[in-house]
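The numbering of the sequence shown is this note's numbering, which starts it at 20 and goes up by one.
Certain hints may be false.
Simulated restraints on C-beta separations [unchecked claim]:
id: 1; residue 1: Arg549; residue 2: Ala703; range: 53 to 59 Å
id: 2; residue 1: Thr373; residue 2: Leu561; range: 23 to 29 Å
id: 3; residue 1: Ser181; residue 2: Pro288; range: 40 to 46 Å
id: 4; residue 1: Asn49; residue 2: Phe750; range: 40 to 46 Å
id: 5; residue 1: Gly54; residue 2: Asn490; range: 30 to 36 Å
In the DSS-like style, the derived pairs of lysine-lysine whose C-alpha atoms are separated by at most 27 Å in a straight line are [stated by the list, open to error]:
id: 6; residue 1: Lys521; residue 2: Lys533
id: 7; residue 1: Lys533; residue 2: Lys495
id: 8; residue 1: Lys550; residue 2: Lys671
id: 9; residue 1: Lys261; residue 2: Lys352
id: 10; residue 1: Lys261; residue 2: Lys367
id: 11; residue 1: Lys138; residue 2: Lys261
id: 12; residue 1: Lys383; residue 2: Lys352
id: 13; residue 1: Lys383; residue 2: Lys260
id: 14; residue 1: Lys521; residue 2: Lys383
id: 15; residue 1: Lys367; residue 2: Lys130
id: 16; residue 1: Lys550; residue 2: Lys495
id: 17; residue 1: Lys134; residue 2: Lys260
id: 18; residue 1: Lys130; residue 2: Lys178
id: 19; residue 1: Lys261; residue 2: Lys211
id: 20; residue 1: Lys134; residue 2: Lys367
id: 21; residue 1: Lys495; residue 2: Lys383
id: 22; residue 1: Lys367; residue 2: Lys207
id: 23; residue 1: Lys383; residue 2: Lys261
id: 24; residue 1: Lys178; residue 2: Lys104
id: 25; residue 1: Lys383; residue 2: Lys178
id: 26; residue 1: Lys260; residue 2: Lys138
id: 27; residue 1: Lys178; residue 2: Lys207
id: 28; residue 1: Lys134; residue 2: Lys211
id: 29; residue 1: Lys521; residue 2: Lys352
id: 30; residue 1: Lys352; residue 2: Lys260
id: 31; residue 1: Lys104; residue 2: Lys211
id: 32; residue 1: Lys261; residue 2: Lys178
Think of the hints as simulated: they come from the structure by calculation, not from any bench. Note that the structure is a prediction, hence the values are computed from the model and not measured. Idealized CB from N, CA, C, for every residue including glycine.
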Amino acid sequence: MGKAGRQINRTSQYAATIGWTHTFNPTTLNEFRFGITHRIGDRMAFGVGADTPSTFGLEGLPNCLSSVPDTSGGKKCGTPGVTIKGYSGVSNSGMIYEPASTFHFSDSVSKSLGKHSLKTGFQADHYSIDNYQPNAVDGQFDFSTAFTGDPFSDFLFGKISSGSLQVQNAFVSTRAWAYSAFVQDDFKVTPKLTLNLGVRYQYDQSFHEIHHGLANFNPYTASWEQFGVNGRPDTTLDPSKKQFEPRIGLAWNPMGGFVVRAGYGIMHPGFVGHGRAGDGSPSPNLLAPTSFNPGTFWDVNPLPGIVNPDPSKITAPIPVNSNISFSSWAPRKQYPTYTQLWNLTVQKQFGNDTTAQIGYVGSKGTHLPINYAYNLCQQTPATAAAVPSGFNYPALGLWSETSSPHCPVAAAVLNANTGGPFGCGGGFSISSVYCWLTVTPGWWGLSSSIYHSMQAQVDHRFSHGFQLLANFTWSKLIDDSSSDWGGFWSLDVLGQDLYNRKAERSVSAGDIPKRFTFAPIVELPFGRGRKWLDSGVGSEVLGGWRLASIYTIQSGTPFGITDNKYGFCNSSGMFTARPILIGNPASISGSQRSTNLWFNNQAFDFSGTCPGPGLVDLTGPGDTSKAFGNAPRFYSNVRNPGLNNLDLSLQKDFRIPVGEQTRLTFQADFFNLPNHAFFTEPNADPITGYSPANPALGLRGSGFGTINTTAGGLGGLAANRIIQLGLHLYF
């Protein structure tokens with residue numbers, strides 16, 4: 020079948036900056052900065068726009084599909100994708116061209132006025148992101164047994180069973196500005212007390228598409244709306260105008276060698292990824308897959324050959340107002356995400372080289388974005404009883420059942436109890452127009468986090484052949500959604516019950532209560548310039564040796580168990596259901612805990628329903644009296660294995676009598692020197708190893724709660740002991 024082809028990936032990055040500093044007078048200074056960064060991501064499948072199917076040995080397929088309409092002007096010639104059931108086919112990996120540029124402007128003025136050091140300035144950033152991703156513009160052709168009974172025979176005869184093309188405007192160009200301004204005063208109240216006072220204002224535009232190529236569903240008008248046309252806004256979200264960021268800090272020297280520092284501030288995250296445009300999917304009338312009927316589209320006969328198909332046989336793109344699904348939806352008005360940070364530390368200096376400090380550090384995240392299912396109705400006995408039995412409620416959302424007898428009935432029944440843009444929670448009259456919708460994911464700033472910590476540090480600067488940096492942190496992190504942006508494109512983080520956010524609050528997935536690091540560097544006091552053996556054989560043998568190490572020990576992260584497969588609190592599997600606690604998962608002594616049993620695996624009941632079939636036995640009925648599980652997201656008293664690691668480096672310099680700087684350095688690095696095993700988290704699947712022949716195990720399989728694997732390179736650490744030797748020549 021000829022050569023298989025390849026895919027070329029290229030990424031080019033460029034950056035340039037210009038700065039100008041001007042001194043007006045001894046007390047006034049101006050600083051101007053301009054910068055530009057430009058990145059081009061380019062991925063091209065082999066043969067796109069150049070090679071034809073015959074180049075790859077695919078005789079009989081069209082060499083070019085140039086007659087297919089394409090508003091983007093994309094190339095319709097190249098190697099198509101071919102799948103042959105039971106055989107290896109040819110991939111037509113889609114191309115992508117994504118140039119992105121950022122222009123940065125900033126200017127600040129500093130002024131000294133007696134006890135005040137004033138500084139004010141502004142910053143403007145322009146973000147430009149273009150994306151051309153037409154996928155397989157040269158077509159996808161599938162061959163099965165539909166015509167001859169053998170897929171390869173169908174391929175040889177050119178009998179296509181199915182296929183698809185892209186008819187689209189695949190070039191998306193998004194733009195946005197971000198502005199900020201600040202004023203700050205460092206006020207030296209007394210020789211021992213300095214106050215830092217300031218405020219910053221930030222304004223982030225929502226990304227817009229310059230060709231008006233984005234659209235989304237408007238539940239209040241029951242229609243698709245294209246951004247930037249017919250008087251509609253050209254952005255997907257309304258930008259916040261309330262992003263004020265006050266800052267306050269102090270530094271106090273009550274006596275010699277002591278310094279007390281404190282601070283408080285508010286920060287907004289600004290743009291994340293491609294900005295706040297994730298809720299606006301490309302408009303279906305601008306980006307739409309199109310399929311064809313193999314019986315009327317064409318027969319790819321290897322004998323006559325067909326250069327171009329009949330374009331009249333191609334299905335038209337899906338119109339913008341069709342009843343089609345969409346990836347997400349979010350209200351235009353969003354709560355601005357922000358983080359408050361504060362600290363109070365006391366530092367003491369010992370001698371000229373050593374400092375020790377201890378402090379309290381905290382932060383609070385507010386309006387953190389999470390996934391949210393807007394058309395999921397709250398389960399109540401009244402609504403559950405009123406819905407017809409053929410309507411799967413509330414597991415899959417209000418409109419998951421699309422058959423005509425059920426949807427209008429369910430809408431009418433639930434209209435008396437619920438409301439809102441999708442029928443739940445806001446006063447919107449339910450209509451059968453939404454019967455084609457399933458659960459509608461989106462994001463909203465409803466999540467929060469809180470962090471408290473005690474942090475201690477000892478820092479001995481290098482002197483007399485010794486340096487030391489030691490840190491200890493004792494902390495607690497609590498939140499109700501631990502994924503970045505709620506795992507925006509992943510529906511499995513929607514939580515157990517959207518109407519009970521308090522049940523999601525627990526220690527965070529990233530909570531590490533205790534962490535200690537110890538990093539010394541030691542030079543042996545022998546050799547040239549050292550205290551002993553300044554010359555001679557002893558100097559050459561014992562001199563020039565250095566030893567550096569980093570020792571880290573920390574607690575494990577919290578452990579959690581979900582019930583998506585077995586409890587059926589929502590049979591769609593979209594939400595993170597949890598089991599019911601019937602015991603203490605941590606009720607196993609430390610001497611008993613091992614990789615064979617890490618926690619009490621008898622502390623969970625997986626038979627909960629709400630309502631639906633539960634797992635009393637693998638094929639048994641459920642207990643309809645039980646609903647959402649009461650287990651927390653993560654257990655503070657049941658944690659994954661912690662970390663205990665030592666890395667060590669040994670170095671020796673050999674002087675070479677050629678010039679003054681020439682030397683040869685031998686280095687031996689030992690990663691994970693004790694060769695400790697870093698274990699993965701315990702098995703959270705209660706069915707692993709389940710055997711109906713052993714009723715003593717009940718619902719728990721023999722593998723539930725065990726640890727059978729190690730984590731390769733946990734946190735960037737070596738999975739096994741690694742020894743690395745090297746020689747470095749310096750001249």
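Do the hints match the structure? See the list:
The hinted window of 53 to 59 Å between Arg549 and Ala703 holds, with their beta carbons roughly 56 Å apart. Thr373 and Leu561 have their C-beta atoms about 27 Å apart, which keeps the hinted 23 to 29 Å range intact. A C-beta distance of roughly 44 Å is found between Ser181 and Pro288, which places it inside the suggested range of 40 to 46 Å. Between Asn49 and Phe750, the C-beta spacing of about 44 Å keeps the proposed range 40 to 46 Å intact.
Look at Gly54 against Asn490: about 34 Å separates their beta carbons, and that is inside 30 to 36 Å. Pair hint Lys521 plus Lys533 holds up; C-alpha atoms about 26 Å apart against a cutoff of 27 Å. For a cut-off of 27 Å, the pair hint linking Lys533 to Lys495 stands: about 9 Å separates their Cα positions. Distance hint between Lys550 and Lys671 is fulfilled; the C-alpha atoms sit about 17 Å from each other, no more than 27 Å.
Between the alpha carbons of Lys261 and Lys352 the distance comes to roughly 12 Å, so the proposed pair stays at or under 27 Å and holds. Restraint check for Lys261 and Lys367: the C-alpha separation of about 40 Å exceeds 27 Å, so the hint is violated. Note on Lys138 and Lys261: the hinted pairing holds, with a Cα-Cα distance of about 22 Å set against a maximum of 27 Å. For a cut-off of 27 Å, the pair hint linking Lys383 to Lys352 stands: about 22 Å separates their Cα positions.
In summary, the hint linking Lys383 to Lys260 is supported, as the alpha carbons are separated by about 21 Å, within the 27 Å threshold. Our distance criterion of 27 Å between C-alpha atoms is met by Lys521 and Lys383, whose separation comes to about 17 Å. Only pairs whose Cα atoms come within 27 Å are accepted, and Lys367 paired with Lys130 is rejected, the gap being roughly 32 Å. Taking the CA atoms of Lys550 and Lys495, the gap is near 47 Å; set against the 27 Å cutoff, the hint is violated.
The suggested pairing of Lys134 with Lys260 is violated, with an alpha-carbon distance near 33 Å, which exceeds 27 Å. In summary, the hint linking Lys130 to Lys178 is not supported, as the alpha carbons are separated by about 79 Å, beyond the 27 Å threshold. In summary, the hint linking Lys261 to Lys211 is not supported, as the alpha carbons are separated by about 36 Å, beyond the 27 Å threshold. A C-alpha spacing of about 26 Å is found between Lys134 and Lys367, which places the hinted pair at or below 27 Å, so the restraint holds.
A distance of roughly 12 Å separates the Cα atoms of Lys495 and Lys383; the hinted pair therefore holds under the 27 Å criterion. Annotation: proposed proximity of Lys367 to Lys207 holds, straight-line Cα distance about 21 Å (limit 27 Å). Only pairs whose Cα atoms come within 27 Å are accepted, and Lys383 paired with Lys261 is accepted, the gap being roughly 18 Å. The hinted pair formed by Lys178 and Lys104 meets the criterion: a straight-line CA distance of about 13 Å does not exceed 27 Å.
Note on Lys383 and Lys178: the hinted pairing is violated, with a Cα-Cα distance of about 62 Å set against a maximum of 27 Å. Pair hint Lys260 plus Lys138 holds up; C-alpha atoms about 23 Å apart against a cutoff of 27 Å. For the suggested pair Lys178 and Lys207, the alpha carbons sit about 84 Å apart, so the restraint of at most 27 Å is broken. For the given pair, Lys134 sits about 12 Å from Lys211 by alpha-carbon distance, which is consistent with the 27 Å threshold.
Distance hint between Lys521 and Lys352 is fulfilled; the C-alpha atoms sit about 23 Å from each other, no more than 27 Å. Our distance criterion of 27 Å between C-alpha atoms is met by Lys352 and Lys260, whose separation comes to about 11 Å. Only pairs whose Cα atoms come within 27 Å are accepted, and Lys104 paired with Lys211 is rejected, the gap being roughly 80 Å. With a CA separation close to 62 Å, the supplied pair Lys261 and Lys178 exceeds the 27 Å bound.
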